[in-house]
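Asker: Please arrange chains B, C and D on chain A, whose structure you already have, making use of the hints.
Chains as they are written, first to last, in this note's numbering: chain A, 1 to 152; chain B, 1 to 316; chain C, 1 to 340; chain D, 1 to 1011.
Keep in mind the hints are simulated off the structure, nothing from the lab. Computed from a predicted structure; not experimentally measured. Glycine residues also receive a C-beta, built at the ideal position from the N, C-alpha and C atoms. Careful: at least some of the hints might be erroneous.
Restraint-style ranges between C-beta atoms, simulated for each label pair [said to hold, decoys possible]:
no. : chain 1 : residue 1 : chain 2 : residue 2 : range
1   : C       : ASN110    : B       : LEU123    : 36 to 46 angstroms
2   : C       : GLY32     : B       : ASN296    : 51 to 61 angstroms
3   : B       : ALA192    : D       : ASP243    : 34 to 44 angstroms
4   : B       : ALA192    : C       : GLY32     : 37 to 47 angstroms
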Amino acid sequence: MGINKMQQPGQKVDGWKPRIIAFLCNWCSYAGADLAGVSRLQYPPNTRIIRVPCSSRISPLLILKSLQHGVDGVLVSGCRPGDCHYISGNYVARRKFAILNNLLEYLGIEKGRVHFAWVSAAEGKRFAELIKEITEEVRALGPAKELVKKQD
Amino acid sequence: MPDTSVMIRDTAKKLLVEKRVDLIIGFERGTLPLRSTPCFVRRSVEAEKLIWNASCENNLARYLRKRKEKVGIVAKGCDTRSIISLIKEKQVAREQVFIIGVPCHGMIDRRKIEAKLDGREILEADEVSEKVILKGHDFTEIVAKEEFLHNSCNTCNYRNPVIYDVLIGDKVEENRGIDEYGEVKEFEAQSADRRWQSFTNEVSKCIRCYACRNACPLCYCQECFVDSSQPRWIGKTTNLSDTSIFHIVRAFHTAGRCVDCGACDRACPMGIDIRKLTKKIEKDVKELFHYQAGVNLEDVPPLATFNLGDPQEFIK
Amino acid sequence: MKEMKIAKNELVSFLDSLISEYKVFAPVKRDGFVVFQEIYSGSEALLVYANSKKPPKEILFPQSEVLFTYRLGGEGLGIEEPTFKDKQMVIFGIRPCDAKSLVILDDIFNSQVYKDVYYIAKREKTLVIAIGCNRPSSTCFCTSLGGGPFSPDGSDLLLVDIDHEYVVQAVTEKGKQFLKKHSEFKKVEEHSLSLMRSVIETAGVLIKSKVETGEIKKKLDVMFDDPFWDWLHEKCLDCAVCTYLCPTCHCFDITDEALDQRGERVRIWDSCAFPMFTLEASGVNPRPTSKERTRQRIMHKFKYFVDNHDMAACVGCGRCIKECPVNLDIRTVLNSILNR
Amino acid sequence: MDKASLSDKTGAVLVIGGGIGGIQAALDLAESGYYVYLIEKSPAIGGMMAQLDKTFPTNDCSMCILSPKLVACGRHLNISIITNAEVRYIKGEAGNFQVTLVKKARYIDIDECTGCGECAKHCPVRAANSFDEGLSNRAAIYVKYPQAVPRAYAIDRDKCIGCGLCEKVCLAKAVVYSDREELQSINVGAIILSPGYGLPDAGLMYNYGYGKYPNVITSIEFERILSASGPYQGELSRPSNRDIPEKIAFIQCVGSRDSMHGKTYCSSVCCIYAIKEATVAKEHSPIPLDIAIFFMDMRTFGKGFEAYYDRAMNEYGVRFIRCRPSMIEEVPETKNLRIKYETEDGKLIKEEFDLVVLSIGLEPPKEAEELANRLGIELDKYGFCQTGNLLPVESSKPGIFVCGAFQGPKDIPETVMQASAAAASASASLSPVRNSLVKRKEYPPERDIRGEPPRIGVFVCHCGINISGVVNVPEVREYAVTLPNVAYAEDNLYACSQDTQERIKETIREHNLNRVVVVSCTPRTHEPLFQETIREAGLNRYLLEMANIRDQCSWVHKEYPEEATEKAKELVKMAVAKAKLIQPVAQTSLEVIHSGLVIGGGIAGMVAALNLAQQGFEVYLTEKREQLGGIARRIRHTLEGDDIQAYLQNLITRVSENPLIQVYTNADIIEASGYVGNFTTRIEAGANRDTHELKHGVVIIATGGEEYKPSEYLYGKDPRVLTLLELEDEVAKGNGRIADCDNVVIIQCVGSRESNRPYCSRVCCSESIKCALKLKEANAEMNIYVLYRDIRTYGFKEDYYQEARERGVLFVRYEADDKPRVETITEDNQNLLRVTVKDPILGEDLVIDTDILALGVATIPAADNKKLSQLFKVPLNEDGFLLEAHMKLRPVEFATEGVFMCGLAHNPKFIEETIAQAKAAASRACTILSKDVIEAGGLVSLVDENKCNGCGVCTLICPFQAIDIDTEKKVAMVNEVLCKGCGACVSSCICGAMNMKGFSNAQILAIINAS
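Okay, chain A solo, but in the shape it has when bound (with noise of 0.2 angstroms):
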């Protein structure tokens, strides 16, 4: 996402592309983004996809400096309940998730930066709408401005 590095946060540029980073479990989600491909459906191409074992590896940490590195939204997606290849993985993901996004809302970071999904390997089509909706969602927001790191 280079060509928009030295863009000032917070701002809108014109012809401004969110940028969007997407955490994908590497049993379903990623499998369902396989698919859409294999499927030909077509969504935005502002999306970065970083392959991951299991939700349950993505930490706070990592999706905060997704935001620090100023992306304009993340997604963290993983195995629809019960479906985990680790058994149990995204349910330990979920409770996680469940407070960091309920601290980020809290801390007035803007909804619909941050979005966490199950996506199972059959979803191909659901994928596809996913980032389709995520994308329209953080077009609509703008340009990342909390917590994106500038230099002083």
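Answerer: Here is chains B, C and D on its own, set in the frame of chain A:
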């Protein structure tokens, strides 16, 4: 009823003489008005130093980890809750600590009094039952203690020690009819912009001295994530984004562990309202996972377990 | 020493006039406490206050300061250094203890052996106007360290509040030139000077905290292995409140704030209270515990610094006493050392 | 081959049918030292399960759980998947069969096809997609389903018009029009049949309007409609007009329990799958959905099924209507369906539905007869494979085993268990030639790259035009060269082609690369291939990173070539940033103790122990009681008539006489430690309570179950009230008192399906019928009343239910909230045992003065389960039974590796099911015992001891019990054998002491920072 300080001294002496403990951690008189200071007593004669008053605000559980000797500790309700968290986290063995539980009426927030005095310096302060007599260069004022307690004391539901080996004096009545999360709810009710404004305003005061972290009995990481170089999680300057992340993550790390003793708040020299974060997390942990830290030794920490039916409305 | 005076009611307009010419730093109230900040109007300056929460050292030695920026690009490494094109600066309203701390900092950053361009660039452009302390706090012990509520060390000008006006003492040549240049400073009457003398005298009496610092160094010379250190640190939290709020502490770290292909090399405050301070790349830490670190702080201020600079690295401002979360009072520490 | 020459047996097995059963059997055998030929008649493995949307009773996504198994099978060095293939004939006998296969023409060279799909895009033909049950179309050149293994296309010659377009666009040159049917001959020692099942003909369903009315569909069609990857992309709608239905009816027992069509058996799975489809539909539907299920008996007998049924009824509000509709007709204007039915109390109701789903039964596979003829095995009267009841996976021909629905209707876990059981039986028969035919790969030594600065090679794939049609590949390659540490970059037509593999290897050597980034498709399918390639070039296989610019870029951003190119570049930058930080990952080998501990000496334990011994492994078998036999000692015969005591005696003798089995009776487990391959268990056993320390590689828990001792219905207070087991005992003893009875009442569900014990005990219905038939045998005049809630005689047991009815046994249903009342009263000086029950059909009380009252009591878990669950760190479910790692696909194992279970400890079940499960447990255990060493390591967690405070959160979080706290050092230790690399401990570790290989904090952070 005998004076609490005297009872603490007697207990401490007895424990030391009988060699049931090697060390007593308690409070002694501080060098400033309204200030007590932690003290470490190893010989029974030194036990005379021990005191108890409304300025024994430090959470002494902070000093319990990594001790080889058997320790007696003077502990308020919140301190005992911290001790429970430490025991659960295997940082302290229950049998290694002798808890001298002291029911607490709340600790005085001298910053609140100083604010009221608006720059006039307190040179002397005396606690007389529910009142504090303050003397300065050219004034004497008497204030009611309960109006100047720490915020965490105002919302405290555990004034009485939760676990103890001996209880000093009688139990006190718990706070009643308080809205423990009033401050949080008030904050929640504000607009997102306002919330972000106040949050950044708070953290922009931060000088990264880490007094909050170091005062916290549960911030015991060998290497805090802010100090980590592999990977370098956040920058070390007072950059607002870095400081914000420091405070958010530190607060998150206390999720399901924080007992709202207020030690972080009290330690902060810049008066950052750290409890705004920790209290919110404490509230959510309670509401979402029905867990309260440090109230018993049995419950599994909320982030070390899960329920199939945990809330997930926020997940798409 | 030449004295002048300035009426209190003229001070604000005087500051306003300074602002057009200088970058003016003055005590202001922010979030319930006092800090030094650049002011844009004379009325922002706070004239009655005990002392600032944070010492004014950060004006000359900021908590983080970019040394240079760099960029990795197709053409290799590009480096951009600061230009030092700042305006002249005035630090107004500094307390004599903090002014004295500048003398100490000067000895560090602008000595025979080391010239710190970043510090010097600012320091040379800075005029220091101190206001003496009519009513010192109970935690002030400046007199034990060769200072006093009206000590002129480190100031260019020293103001003495005699109720309706300030008597202005020109301490340095720079101060004298400044007084000459500004017509707001008027000739002072003898009556005012006698008032000034009595204010100074009263204030001196008000300082009750005394430590015989003269003896400390001798004691410390032989105390490195003293068991005293075994228990001194016991309640210390290893935080940096005392060091960061100290006007004389000047330790720093240098770090890279990298962002993708570019970055800044930044100097940041560091504290001898942190374990990381002395952690070596090998993993070895010569000051592994709180004991060594607490000892270092005391030894550095009252022995090593005296050895090297012939003065203690303490001005007795009392900030560390007031703000220490566990009331680890340096006066008590020093007195205990004296009693060894 | 030395070993093989010692015996005339062949160390390879043929598995026929690539559904989940065949896949499981193949994996078990391949992991136990046999070479496996897995043949599948269609172009891809996966079977029926691939078509399912969700699986009951957890509503897991079917594809999510199946797909890793497909990939594992497809990648296994010792599994040869042969698609489009059938058996032509066999020769030889058990231990050495010569099988001739016929491979139908696929017209695609599987080795060349990259599955890119360019061909299908150009194919002008539209044909009904049978994978979607004809609800969608596909081209004549097609891949069976997106996740298919092998992921290669096939040409449907019936539909192909031979235009040649596909051949033209295929850059991989994989289209082979000249492909012809071929014969292939293979030698195997055993054969496992898993051809699955068939579905009823449309004709059978015509009466229900199927084929007549568009909105009458089968449950499989509905499954596809629900599926997110199905014809409607998971949008619930009906075929006639794609409207969202508001009312759906399910009609049960279509093609089951149907004497008219000769399908009298129960298909076992339809009740529960209907519930699943109903609840999933409710979840999918954007509007409130009214669902009615028309059923006869609700047969939710499986583990967790009853709770699932409860939830459907009470939480989802699914209506359950107990009746078989008499008529379905279409409302022509709306294409709605009008169903006429009669309620139990006799009311006639007409109700309109938008959609009707027929819950169709399971039939023998269409090719069953032909297959049976070719193999020389017998089929049963319905056309399913004939097996002995107590030999559940053995066909009539030695050396040929069977599993799954071909043996009789069953669900996935039962199929998986039988598959493992069949594998165990095959393996037991071939154990002398284990490891004789397996392939092992030799690699060059690994290059030590320590101290070398990263030199990254980037290979950007065009994927024909799949990537380069959208993304500017040369631009991406040029960009890659500018990135830090990239020493070399090139682009390739197909990164995965054989010649590119060779090129990559050469390039690694030529440019002295120490890390490789392949910029192509998804690592989920291709990572192993490239890992293999770089390993062959002497690099550690973990020095590979991939950037997915096809599936997640070019394919999904066709309209935005510029942005897709930008995205591709960034994905490369991110991959390179991570690659810089990747390190070789060492695998360590841990020796396996080649013996097993079996806890519990009932049928389950003994069968498991015996199979392990037959497979050549030493076994310690512990039994709590004095004698072996368990609860089976109290069972005389099965419903099907097998003599259980004779079976048991034979089993005990075989176990006792087997030199490899050491039996400990009066044995208690005191302490257990260790992990897979290396357990140490201390037991106290024998009359003298001697302590033994046993070292073993695996554990099988077979602690059995117990009979619930009821407090209901005067049991224990009146001697005429017995449990079914007690009644069976009395009947068998020839107690005249019983034979002379006039009236016998049997009450079902005593202690089961209650709020405090909500599960169904599964066996009691059949046990009652067994007793009723025995009593009728003894005295045909006897009045026998079975008071029941649902009769759950699933599978072929249904026939006995019908027989009982025909022989005059009276079945009276009662409602859970209106239970039978039992009292003793004195009338005419007689002490009567009176049972009163409300007959729901007559609506009146039926009063019976009975001579004997037998209670179909619950089967409850063994009291020991709790202790063992703690000792071996395995979970229990809410009912106290052991909880398996996965309800569907890992039915006999736990998340804790090396620990297995079988029999009643898992759930109530019949003896034949116990036998199958016991063999399954043995089979899974042998995948460990048959190895000399276990490979440990890979992408696992690791602890920084300097940072760890030993708080233990990770030990609580780890689903695999892979972390312990070192009591000395007070820090966490990861057991690399057990760690599966989920990373939950890493994100849960507050102190930052946990990290993991391959997905370290620094690596993920580097990716973020490069994004």
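Asker: Each hint: holds or not?
Answerer: Comparing the hints with the structure gives:
| no. | hint | verdict |
| --- | --- | --- |
| 1 | C:ASN110 with B:LEU123: 36 to 46 angstroms | 39 angstroms, holds |
| 2 | C:GLY32 with B:ASN296: 51 to 61 angstroms | 38 angstroms, violated |
| 3 | B:ALA192 with D:ASP243: 34 to 44 angstroms | 41 angstroms, holds |
| 4 | B:ALA192 with C:GLY32: 37 to 47 angstroms | 25 angstroms, violated |
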